[in-house]
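**Student:** Read off the chains here:
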Amino acid sequence: MDHTPPPFFKRGPAPLVRLFFFASLSLALLVIDARFRYADGLRTWLALAAYPLQRAATAPVELARAVGTYFSTQAQLVAENERLRAKSLAYSHDAQRYEAAQAEADELRRIAGARERPPLRVITAEVMYNGRDPYAHKLFIDRGATHGVRPGSPVTDESGVVGQVTRVHALVSEVTLATDRDQAIPVQVVRNGLRAVAFGGGASGSLELRFMAANADIQTSDRLVTSGIDGTYPAGLPVATVMRIERDAENAFARVVCRPAAGVDRGRFVLVLSDETVKPPRPEEAQTAKERTRRGRLRDKDGSVR
Amino acid sequence: MDLSASSSRQILLPVRLSTIVASFALALFLNFLPWRDLRLVPDFVALVLVFWCVRQPRLVGLGVAWTLGLLTDAGNGVLLGQHALAYSLLAFLGVWLSRRILWFGPWLQALHVGAMLLAAQGVTLLVRLAAGDDFSGWQMFVGPLAGALLWPPTSWLLLLPQRRAAREQTI
Numbered sequence: 001m002d003h004t005p006p007p008f009f010k011r012g013p014a015p016l017v018r019l020f021f022f023a024s025l026s027l028a029l030l031v032i033d034a035r036f037r038y039a040d041g042l043r044t045w046l047a048l049a050a051y052p053l054q055r056a057a058t059a060p061v062e063l064a065r066a067v068g069t070y071f072s073t074q075a076q077l078v079a080e081n082e083r084l085r086a087k088s089l090a091y092s093h094d095a096q097r098y099e100a101a102q103a104e105a106d107e108l109r110r111i112a113g114a115r116e117r118p119p120l121r122v123i124t125a126e127v128m129y130n131g132r133d134p135y136a137h138k139l140f141i142d143r144g145a146t147h148g149v150r151p152g153s154p155v156t157d158e159s160g161v162v163g164q165v166t167r168v169h170a171l172v173s174e175v176t177l178a179t180d181r182d183q184a185i186p187v188q189v190v191r192n193g194l195r196a197v198a199f200g201g202g203a204s205g206s207l208e209l210r211f212m213a214a215n216a217d218i219q220t221s222d223r224l225v226t227s228g229i230d231g232t233y234p235a236g237l238p239v240a241t242v243m244r245i246e247r248d249a250e251n252a253f254a255r256v257v258c259r260p261a262a263g264v265d266r267g268r269f270v271l272v273l274s275d276e277t278v279k280p281p282r283p284e285e286a287q288t289a290k291e292r293t294r295r296g297r298l299r300d301k302d303g304s305v306r
Numbered sequence: 307m308d309l310s311a312s313s314s315r316q317i318l319l320p321v322r323l324s325t326i327v328a329s330f331a332l333a334l335f336l337n338f339l340p341w342r343d344l345r346l347v348p349d350f351v352a353l354v355l356v357f358w359c360v361r362q363p364r365l366v367g368l369g370v371a372w373t374l375g376l377l378t379d380a381g382n383g384v385l386l387g388q389h390a391l392a393y394s395l396l397a398f399l400g401v402w403l404s405r406r407i408l409w410f411g412p413w414l415q416a417l418h419v420g421a422m423l424l425a426a427q428g429v430t431l432l433v434r435l436a437a438g439d440d441f442s443g444w445q446m447f448v449g450p451l452a453g454a455l456l457w458p459p460t461s462w463l464l465l466l467p468q469r470r471a472a473r474e475q476t477i
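Protein sequences, first through last, are from chains A and B.
Just so we're aligned, residue 1 is where the first sequence starts under my numbering, counting upward by one.
Just so we're aligned, residue 307 is where the second sequence starts under my numbering, counting upward by one.
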């Protein structure tokens, strides 16, 4: 006698078996993505599939904003126009001075025999939304590989450094904010040129200077700018202001907490800077071939973003 | 099919596939909205997923959940597989408990759903802790609880296309 169940009861494998299958698939993907970054191709395709929904989701907010602007009163517009005109006048004055200073600096560099600094290419982008991830500080902008955004480019707004492009999809890019726990920016104190590295403070929304000696010459309300020695961030962009310094006799290092200069968690428009200069090869690339392949493999593991 | 006294007295129309697809699209859309603090906002995709897993365990199951999870992961730029794992667990719980949940009234159902959403959030937390992230505060458990509170209105709304007109039913 045949004991196979009638087709009505055929429901595929048991739910528990399916759970094990999909859970192990997810775990394998997690490990591949976190450790080896082999899943980036798949991620790019999935991001492209999610793009229409993301665009649609930001549409109502944009619509509300447009309607709001439409109903803004005449008086408001006049006042705003006046304010903007004053601002633009001040800026044009600054721009003239900047151009003069730039010309002077170029000439001095020529005299001193230093290499001239090529201008930066700037891409304006609009913030689409924040990443839905409470553990990481990321945002998504509406410019991608097709617009010329490249991974590793610094991102700023009108008042300072916002973060760095960490992933580039076809039409959107992912920016890791300066306040992310894994983000580090080489900085310099404006007052005395002291170099340090600013790390993101995570959920607190602040930045932290780690490994500063307890007797380092740093004060509250010191301004920090990018030092430019990493070759990623151009020199002189405002990063943060020192808010609080905790010097503890137990620790060899001081705890320096800073407030980011840019509107890291607000603002709608950002600038993606990209440096067109050909950088000199890194020191390790001049080493022996054996050493090079080993390090190359290491770097691949660390990810392509520098 | 559904003979429970409290969840629905009336006989429902068979579900249309377009309703399911549209509801998932709407949930993804709600998730991608630019929310201010994401920890306090319920995960709409998870909620809709639980609903269909409980109501239609033969149509919506772990495969759908896993795909949706991957889409969410890529759209949010988090570790690939994090939401996929959480949604798979959610779908499993939904399919497994579907017979039990439908016997309860809307608020007791919400209690079950809240526990399931919390379990999924716990899995996400474990994954992130394993990946080396910090615990991001207790607010992250507000989202699942808000999701549980949204369960009765959500299930009423999603069952709407399947209800017959009252007059038709009296015949």
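Bear in mind the hints are in silico, worked out from the structure with no lab data behind them.
Treat each hint with caution, since some may be false.
Claimed, not checked - Estimated spans, in silico, between C-beta atoms of each pair: (1) A:Tyr38 x B:Gly438: 11 to 21 Å; (2) B:Ser442 x A:Met243: 30 to 40 Å; (3) A:Arg259 x B:Leu323: 50 to 60 Å; (4) A:Asp248 x B:Ser442: 20 to 30 Å.
As the list claims (entries may be wrong) - Which stretches of chain A does chain B cover? Using the computed rule of at least three CB atoms under 8 Å from a CB of chain B, they are: (5) 14-21; (6) 51-63; (7) 146-152.
Every residue, glycine too, gets a C-beta built ideally from N, C-alpha and C.
**Student:** I'd like to know which numbered hints this structure contradicts. Please list them from smallest to largest.
**Tutor:** 2, 7
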